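Enquirer: Spelled out from the first residue to the last, the chains are:
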Amino acid sequence: MEISAMLSQLRDPMGVPFFPVVFQVLMVLTFALHIFMVNIVVGGSFMAIWSRVKGGDYNLRLSKTLAKATTVNLSVAILLGIAPLLFVQVIYDPFWYSATLMSGWWSMLFLLIIMLGFLALYVFYLKGRNGTSGGGMFGWFTLGAVLFAGVIMHMLAMQSLHPEEWVKWYAPGGVMDTSGWAFNAFSIERFLHFIVPAFINTGIFMMLYAWYFKPRSDMDGAYLDWVAGVGAKMALYAFFVQIAIGFWFLLGLPAELNFIYNPWVWIAALLALVALGMVVKAQKDPIASAPILGLLSVVAVLGMSINREVLRMKYVGVYEYSIYDYPMSMDWGSTALFLATFVAGLVVIAYPIGIAFKAGRMSAEAAKEL
Amino acid sequence: MYPLFEIPSVGGPMLIASIATFHILPSHVATGAFWMAYFIERKSINENRPELMEFLKRFTLSILIFCFVTGSLTGVGIWYSATVISPRAISGLIHNYVWGWATEWVFFIIEIVTIYVYFYTFGKVSNKTHLRIGLLYALAAWISMVIITGILGFMMTPGKWLTTGGFFDGFFNETYWPQLFTRTSMMFAIAGAYAAVVAGTLKDGGRDTIRKIAGRWGLGGIIAGALFTLWYYTKLPANALENIQQIAYTSMMLKVSLVIGVVMALYFLLLAFGKGGFVSPVVGILMMVVLFAGIGGGESVREIARRPYLIPGYMYSNQIIGHDMAAKGVSSEVEKFNSEGLLTNYPFIPEDLRVITADNYLKAGEVITKLECVACHTMEAGGRNSLADLEAGLTAAGIVTDILDDLASSYMPPFVGTEIEKRAAAAYMSDILLGGEATDADWVVNGD
Numbered sequence: 001m002e003i004s005a006m007l008s009q010l011r012d013p014m015g016v017p018f019f020p021v022v023f024q025v026l027m028v029l030t031f032a033l034h035i036f037m038v039n040i041v042v043g044g045s046f047m048a049i050w051s052r053v054k055g056g057d058y059n060l061r062l063s064k065t066l067a068k069a070t071t072v073n074l075s076v077a078i079l080l081g082i083a084p085l086l087f088v089q090v091i092y093d094p095f096w097y098s099a100t101l102m103s104g105w106w107s108m109l110f111l112l113i114i115m116l117g118f119l120a121l122y123v124f125y126l127k128g129r130n131g132t133s134g135g136g137m138f139g140w141f142t143l144g145a146v147l148f149a150g151v152i153m154h155m156l157a158m159q160s161l162h163p164e165e166w167v168k169w170y171a172p173g174g175v176m177d178t179s180g181w182a183f184n185a186f187s188i189e190r191f192l193h194f195i196v197p198a199f200i201n202t203g204i205f206m207m208l209y210a211w212y213f214k215p216r217s218d219m220d221g222a223y224l225d226w227v228a229g230v231g232a233k234m235a236l237y238a239f240f241v242q243i244a245i246g247f248w249f250l251l252g253l254p255a256e257l258n259f260i261y262n263p264w265v266w267i268a269a270l271l272a273l274v275a276l277g278m279v280v281k282a283q284k285d286p287i288a289s290a291p292i293l294g295l296l297s298v299v300a301v302l303g304m305s306i307n308r309e310v311l312r313m314k315y316v317g318v319y320e321y322s323i324y325d326y327p328m329s330m331d332w333g334s335t336a337l338f339l340a341t342f343v344a345g346l347v348v349i350a351y352p353i354g355i356a357f358k359a360g361r362m363s364a365e366a367a368k369e370l
Numbered sequence: 001m002y003p004l005f006e007i008p009s010v011g012g013p014m015l016i017a018s019i020a021t022f023h024i025l026p027s028h029v030a031t032g033a034f035w036m037a038y039f040i041e042r043k044s045i046n047e048n049r050p051e052l053m054e055f056l057k058r059f060t061l062s063i064l065i066f067c068f069v070t071g072s073l074t075g076v077g078i079w080y081s082a083t084v085i086s087p088r089a090i091s092g093l094i095h096n097y098v099w100g101w102a103t104e105w106v107f108f109i110i111e112i113v114t115i116y117v118y119f120y121t122f123g124k125v126s127n128k129t130h131l132r133i134g135l136l137y138a139l140a141a142w143i144s145m146v147i148i149t150g151i152l153g154f155m156m157t158p159g160k161w162l163t164t165g166g167f168f169d170g171f172f173n174e175t176y177w178p179q180l181f182t183r184t185s186m187m188f189a190i191a192g193a194y195a196a197v198v199a200g201t202l203k204d205g206g207r208d209t210i211r212k213i214a215g216r217w218g219l220g221g222i223i224a225g226a227l228f229t230l231w232y233y234t235k236l237p238a239n240a241l242e243n244i245q246q247i248a249y250t251s252m253m254l255k256v257s258l259v260i261g262v263v264m265a266l267y268f269l270l271l272a273f274g275k276g277g278f279v280s281p282v283v284g285i286l287m288m289v290v291l292f293a294g295i296g297g298g299e300s301v302r303e304i305a306r307r308p309y310l311i312p313g314y315m316y317s318n319q320i321i322g323h324d325m326a327a328k329g330v331s332s333e334v335e336k337f338n339s340e341g342l343l344t345n346y347p348f349i350p351e352d353l354r355v356i357t358a359d360n361y362l363k364a365g366e367v368i369t370k371l372e373c374v375a376c377h378t379m380e381a382g383g384r385n386s387l388a389d390l391e392a393g394l395t396a397a398g399i400v401t402d403i404l405d406d407l408a409s410s411y412m413p414p415f416v417g418t419e420i421e422k423r424a425a426a427a428y429m430s431d432i433l434l435g436g437e438a439t440d441a442d443w444v445v446n447g448d
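Those protein sequences? They're chains E and A, same order as listed.
Just so you know, the first sequence maps onto residues 1 to 370 in this note's numbering.
Just so you know, the second sequence maps onto residues 1 to 448 in this note's numbering.
Note that these hints are calculated values from the structure, not bench results.
Small disclaimer: the values here were computed from a predicted structure and weren't measured.
Any given hint could be a false lead.
[To be verified] A few chain A residues that face chain E, going by a derived Cβ cut-off under 8 Å, partial list only:
hint: 1; residue: E6
hint: 2; residue: L73
hint: 3; residue: Y120
hint: 4; residue: F122
hint: 5; residue: T129
hint: 6; residue: L131
hint: 7; residue: K275
hint: 8; residue: F278
hint: 9; residue: L362
hint: 10; residue: I403
[Unchecked claim] Straight-line C-alpha distance at most 30 Å; calculated DSSO-like pairs for lysine-lysine:
hint: 11; chain 1: E; residue 1: K368; chain 2: A; residue 2: K363
hint: 12; chain 1: E; residue 1: K168; chain 2: A; residue 2: K336
hint: 13; chain 1: A; residue 1: K160; chain 2: A; residue 2: K43
hint: 14; chain 1: E; residue 1: K358; chain 2: A; residue 2: K43
hint: 15; chain 1: E; residue 1: K68; chain 2: A; residue 2: K203
hint: 16; chain 1: E; residue 1: K368; chain 2: A; residue 2: K336
hint: 17; chain 1: A; residue 1: K363; chain 2: E; residue 2: K64
hint: 18; chain 1: A; residue 1: K370; chain 2: E; residue 2: K358
hint: 19; chain 1: E; residue 1: K127; chain 2: A; residue 2: K203
hint: 20; chain 1: E; residue 1: K68; chain 2: A; residue 2: K128
hint: 21; chain 1: E; residue 1: K233; chain 2: E; residue 2: K168
hint: 22; chain 1: A; residue 1: K128; chain 2: E; residue 2: K168
hint: 23; chain 1: A; residue 1: K363; chain 2: E; residue 2: K68
hint: 24; chain 1: E; residue 1: K214; chain 2: A; residue 2: K370
hint: 25; chain 1: E; residue 1: K64; chain 2: A; residue 2: K124
hint: 26; chain 1: E; residue 1: K127; chain 2: A; residue 2: K124
hint: 27; chain 1: E; residue 1: K358; chain 2: A; residue 2: K128
hint: 28; chain 1: A; residue 1: K203; chain 2: E; residue 2: K168
hint: 29; chain 1: E; residue 1: K368; chain 2: A; residue 2: K43
hint: 30; chain 1: A; residue 1: K128; chain 2: E; residue 2: K214
hint: 31; chain 1: A; residue 1: K160; chain 2: E; residue 2: K68
hint: 32; chain 1: E; residue 1: K358; chain 2: A; residue 2: K124
hint: 33; chain 1: A; residue 1: K128; chain 2: E; residue 2: K368
hint: 34; chain 1: A; residue 1: K328; chain 2: E; residue 2: K368
hint: 35; chain 1: A; residue 1: K203; chain 2: E; residue 2: K64
hint: 36; chain 1: E; residue 1: K127; chain 2: E; residue 2: K284
hint: 37; chain 1: E; residue 1: K54; chain 2: E; residue 2: K284
hint: 38; chain 1: E; residue 1: K127; chain 2: A; residue 2: K336
hint: 39; chain 1: E; residue 1: K214; chain 2: A; residue 2: K336
For every residue, glycine included, the Cβ atom is placed at its ideal position computed from N, Cα and C.
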């Protein structure tokens, strides 16, 4: 069967309930937020373990803070991962389901490993809650679990991009492999391109932490300066590694996709240069630069996410697949329900976030008035 | 049709069922527990009982671990397991209810923000603000149930959606309200059982108060849940009720869940009004396991009652679209596959298997058999719902006449495909699964 005909046949016959571009925008946006949080989980858990192993007053305090923050960050990362997973199934259903079905056990293992990693993270956090060392083994397990889950998700994404291989992978020699253990596609440079920013973003996260607590008179200013300094250095070194990996990834892409000539690549490159300049500048006064760098890091991840989608469109475009011609079966009512809830939801969460933000920056007595 | 994923011996439905049944525990604790927490926090403030606040800290941390680790991931797990077993059904649901799920996701965001803020602001903000944040969580969590119940109900009774294709026509279906009330009641029962586990870990004064509250809330929840379940059963379509009565496994699971319901009611009664000496984490966890078994029974009934469909009136259990859906411009695939063949329309096999010959009919038969049966059956003898066991002693010709030609008269989807495909499937079952004598290739290819 011709590949473009196969993809067309695999699409859900009921069509999509709204303009496909809306799902695409939401998918890219939520993926960016998800991967940003994943970055902070990976980098945060690494730094929490590393500083706990190193020991000493500052390191153990940092480990305790990052371990606690990582429990929240991992929850948020999982939550934010649900949305792109939902939207990809709306507009790229033939790709997502074909790739996942060949690797059924891997996709189940993905969840199990995150669950175990998350439980280990709580053990790691609770063991160091009183500023003590130990529990590093649980931390390493968490980090390994999150990275392994990333490997599985990356493999599924890569398998989905190669429909020309699906039949060969699924029925080698004409015999169906229904075991669900297929593991056929992996690109180390692409994987690293999403993982190395963990150290840039975690560095910036540490700078933001110091910036946030700086106004508190009961906090140790010297400690906060140290945290921001360590974060800024880590962000800088990781940035250089990321640039090298970026070139590796870009030059290794199939030439026929002509991805390198895409304007989005150049916008992202420009953004990266600006960000690098900011990170270099931030070495002098990391705390003052933290808010702007925090914003820039989210924008940079969004840029990566847009490029990821543009690249996917190039891959699937080879087989004349375009989400923009997905048949529609409009449903205004449910679309309005979501959009209204989404806006209202943002308004609602502003309240508890505002309370937490204020309470964290105040002295215990003052916060009681909130 | 997508690639197939087969779980030998155990079967795909068991994978989904075990994850889905477990998920009900943390998900209902997540939705029910904070109404109880709000009540306890008010009591703690009004009666000046700080030990109750200590319980709430412990309760919230345990919920963060139990519900926001295992609960959230098994929730995604239901989705994943259903995807790898029945991708077209998940796709059908998502292409109708994507905005419903996305709306539920917004409430998940509110839940996660409020519960972390609630936990980390214990004793740090005013009582009024802390209570308000707890209440906000409870409301958001319950509204996520209000939303998902519409999609769950749709899978049993799609209602007017079958003719209009409208989101809300399927959402507010015949079983929506009774199911929402049942789940709302059961969330208090499950949260009560969970609170009793945490109460068992307390050493001082709060323990007795909490176990009594847990017992009362649990008892009220389980009695109301039973009444609303009766209402739910009156709304089930005739074929679902017939399935429940006729399928031995289903009627047995119904009895299991009824007995466990009574056991749990007695447990709550003792918690609420007994002396409470038995309260401990071990007893609490044991009763959660009992509850798990009861939920498993109830969920099995709900799942099997909708046979032969995944989406009643639209898609069969084996993911073949069985009926036209004019409002969405979808045609039944049955006639098409019967005339053109299933293999011709399955993209994931090599070209040389699309036409059945004397050389390839066993390989082709395997593809057809698995495409149509693996969603519910295992292949090997001794497996769960095994084809080899169900067809023991039959020849290929017998399988065609006694089973495949007669499927639609039971709670099974009809066999779909050409006559030669039917014979090839029968030959595969007879020769390979049952290990019988080689079927005559001429009979398979030419029918004589």
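Enquirer: Please go over all the hints and tell whether each is borne out by the structure.
Expert: Here's how the hints hold up against the structure:
1. A least Cβ separation of about 4 Å between A:E6 and chain E falls short of the 8 Å threshold, and the interface hint therefore holds.
2. The interface hint given for A:L73 holds, since its Cβ lies 5 Å from the closest Cβ of chain E, which is under the 8 Å cut-off.
3. Satisfaction of the interface hint for A:Y120 is found here, the shortest Cβ-Cβ separation to chain E being roughly 7 Å, below the 8 Å cut-off.
4. Using the Cβ-Cβ criterion of 8 Å, the hint placing A:F122 at the interface with chain E is not satisfied: the shortest such distance is roughly 11 Å.
5. With a least beta-carbon distance of about 6 Å to chain E, the hint placing A:T129 at the interface is held under the 8 Å criterion.
6. Because the closest C-beta pair between A:L131 and chain E is about 12 Å apart, greater than 8 Å, the hint is violated.
7. Interface restraint check for A:K275: the shortest CB-CB distance to chain E comes to about 33 Å, outside 8 Å, so the restraint is violated.
8. Because the beta carbon of A:F278 sits about 28 Å from the nearest beta carbon in chain E, more than 8 Å, this interface hint is broken.
9. Annotation: A:L362 was flagged as interfacial toward chain E, and the flag is violated, the nearest CB pair being 11 Å apart, outside 8 Å.
10. Because the beta carbon of A:I403 sits about 22 Å from the nearest beta carbon in chain E, more than 8 Å, this interface hint is broken.
11. The suggested pairing of E:K368 with A:K363 is violated, with an alpha-carbon distance near 73 Å, which exceeds 30 Å.
12. Restraint check for E:K168 and A:K336: satisfied, since their Cα atoms lie roughly 27 Å apart, inside the 30 Å limit.
13. Distance check on the hinted pair: A:K160 and A:K43 sit about 46 Å apart at the alpha-carbon level, beyond 30 Å; violated.
14. Between E:K358 and A:K43, the direct Cα distance comes to roughly 27 Å. Compliance with the 30 Å bound is thereby established for this hinted pair.
15. Distance check on the hinted pair: E:K68 and A:K203 sit about 27 Å apart at the alpha-carbon level, within 30 Å; holds.
16. Restraint check for E:K368 and A:K336: the C-alpha separation of about 70 Å exceeds 30 Å, so the hint is violated.
17. Between A:K363 and E:K64, the direct Cα distance comes to roughly 59 Å. Violation of the 30 Å bound is thereby established for this hinted pair.
18. Restraint check for A:K370 and E:K358: the C-alpha separation of about 59 Å exceeds 30 Å, so the hint is violated.
19. Pair hint E:K127 plus A:K203 holds up; C-alpha atoms about 22 Å apart against a cutoff of 30 Å.
20. Distance hint between E:K68 and A:K128 is fulfilled; the C-alpha atoms sit about 26 Å from each other, no more than 30 Å.
21. Our distance criterion of 30 Å between C-alpha atoms is broken by E:K233 and E:K168, whose separation comes to about 47 Å.
22. Our distance criterion of 30 Å between C-alpha atoms is broken by A:K128 and E:K168, whose separation comes to about 63 Å.
23. About 55 Å separates the Cα atoms of A:K363 and E:K68, which puts this hinted pair outside 30 Å; it is violated.
24. The hinted pair formed by E:K214 and A:K370 fails the criterion: a straight-line CA distance of about 63 Å is larger than 30 Å.
25. Annotation: proposed proximity of E:K64 to A:K124 holds, straight-line Cα distance about 20 Å (limit 30 Å).
26. With a CA separation close to 23 Å, the supplied pair E:K127 and A:K124 stays within the 30 Å bound.
27. This hinted pair checks out: E:K358 and A:K128 have alpha carbons roughly 16 Å apart, not beyond 30 Å.
28. Simply put, A:K203 and E:K168 have alpha-carbon atoms about 62 Å apart, too far for the 30 Å limit, and the pair is violated.
29. A hinted pair counts as satisfied when its Cα atoms are at most 30 Å apart, and E:K368 with A:K43 qualifies at roughly 20 Å.
30. Straight-line distance between C-alpha atoms of A:K128 and E:K214 comes to about 28 Å, which keeps the hinted pair within the 30 Å bound.
31. For the hint pairing A:K160 with E:K68, the CA-to-CA distance comes to about 49 Å; that exceeds 30 Å, so the pair is violated.
32. Only pairs whose Cα atoms come within 30 Å are accepted, and E:K358 paired with A:K124 is accepted, the gap being roughly 11 Å.
33. A threshold of 30 Å between alpha carbons decides the hint, and for A:K128 with E:K368 the separation of about 10 Å falls inside it, so the pair holds.
34. For the proposed pair A:K328 and E:K368, the alpha carbon gap of about 56 Å is over 30 Å, so the pair is violated.
35. Distance check on the hinted pair: A:K203 and E:K64 sit about 28 Å apart at the alpha-carbon level, within 30 Å; holds.
36. Between E:K127 and E:K284 the CA atoms are separated by roughly 35 Å; this puts the pair beyond 30 Å, and the hint is violated.
37. Of the pairs offered as hints, the one joining E:K54 and E:K284 holds, with about 25 Å between alpha carbons and a cut-off of 30 Å not exceeded.
38. For the hint pairing E:K127 with A:K336, the CA-to-CA distance comes to about 62 Å; that exceeds 30 Å, so the pair is violated.
39. The hinted pair formed by E:K214 and A:K336 fails the criterion: a straight-line CA distance of about 70 Å is larger than 30 Å.
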